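**Student:** Residues in the sequence shown are numbered from 113 upward in steps of one, following the working numbering.
Derived by calculation from the structure, the hints in this document are not laboratory data.
This structure is a prediction, so every number in the text was calculated from the model and none was measured.
Watch out, some of these pointers could steer you wrong.
Unchecked claim - Label-pair distances were calculated between CB atoms; the ranges are:
no.	residue 1	residue 2	range
1	R195	T230	16 to 26 Å
2	A200	K320	37 to 47 Å
3	V291	D325	35 to 45 Å
All C-beta atoms in this analysis are idealised placements derived from N, C-alpha and C, irrespective of residue type, glycine included.
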Amino acid sequence: MAPSSQNARVVPAFGGAIETRILTDETPAQHRAFAFEVSFYSHLWPASVGSQKPPLHFHPFQEEYIQVLQGQLCVEDDQHGARILTPADGEICIKPWVQHRLYPPIRPGTEGADPVTTPIRFILAGQDTAEVFRLDLIFFENWYAYQDETVAKGRGMSLVQVMSMFDAGGSYLSLPQWVPFNRTLAVVLGIIIGRWIGGMLGYQPFYKHWTSDWSLACKKMAQSVFQRRFADRAHVE
Numbered sequence: 113m114a115p116s117s118q119n120a121r122v123v124p125a126f127g128g129a130i131e132t133r134i135l136t137d138e139t140p141a142q143h144r145a146f147a148f149e150v151s152f153y154s155h156l157w158p159a160s161v162g163s164q165k166p167p168l169h170f171h172p173f174q175e176e177y178i179q180v181l182q183g184q185l186c187v188e189d190d191q192h193g194a195r196i197l198t199p200a201d202g203e204i205c206i207k208p209w210v211q212h213r214l215y216p217p218i219r220p221g222t223e224g225a226d227p228v229t230t231p232i233r234f235i236l237a238g239q240d241t242a243e244v245f246r247l248d249l250i251f252f253e254n255w256y257a258y259q260d261e262t263v264a265k266g267r268g269m270s271l272v273q274v275m276s277m278f279d280a281g282g283s284y285l286s287l288p289q290w291v292p293f294n295r296t297l298a299v300v301l302g303i304i305i306g307r308w309i310g311g312m313l314g315y316q317p318f319y320k321h322w323t324s325d326w327s328l329a330c331k332k333m334a335q336s337v338f339q340r341r342f343a344d345r346a347h348v349e
């Protein structure tokens, strides 16, 4: 997959430390729900985030595809452990139900951090699926924006809000390996806490001021009796 056009829409996060360029042209031909070109700028990483890794998680319904274009990227999963990907590795596939996370191999704010300004660039794409709650553009828009308003600015994150967003994105936070039936239980907890309890408490998976396709967000939220009240196309946060 080729890098995107310079005119493609960019979704920034973490004060510019992450830029996600939307590759709209490539998505239909690849039969994928989305395709992004992501750039990590380590020298811009917020001090409040430091060396924190993103949460370990999995997607029950979609394969996720990663292809490094420049630099090195760490991909950690429960099949291969932590591995460093480079452009020579080509595209890799994270299968459904595989617990994983990805991040720069040298974390900003740690000893030996690389001060160079050259970004790590990679393609991130997801399998198309008929599932209503799935990884797509509006999930990433809201997830990155929420992180910008919390972790990147030194505020605490709400676990219920995170679980609400992840559930709407067909994603679930991993539980410890010693927990019996940990993946199934993680999905159940994601639905009960994120969708049901979160909806009753007023937590939305999508917010209008963060969402480029509010009509699609409303259509998704209307599928749940607990989130239906948020599906107002005239609603402004």
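**Student:** Going through the earlier hints one by one, which of them does the structure break, listed in rising order?
**Tutor:** The structure conflicts with no hint, since it agrees with every one listed earlier.
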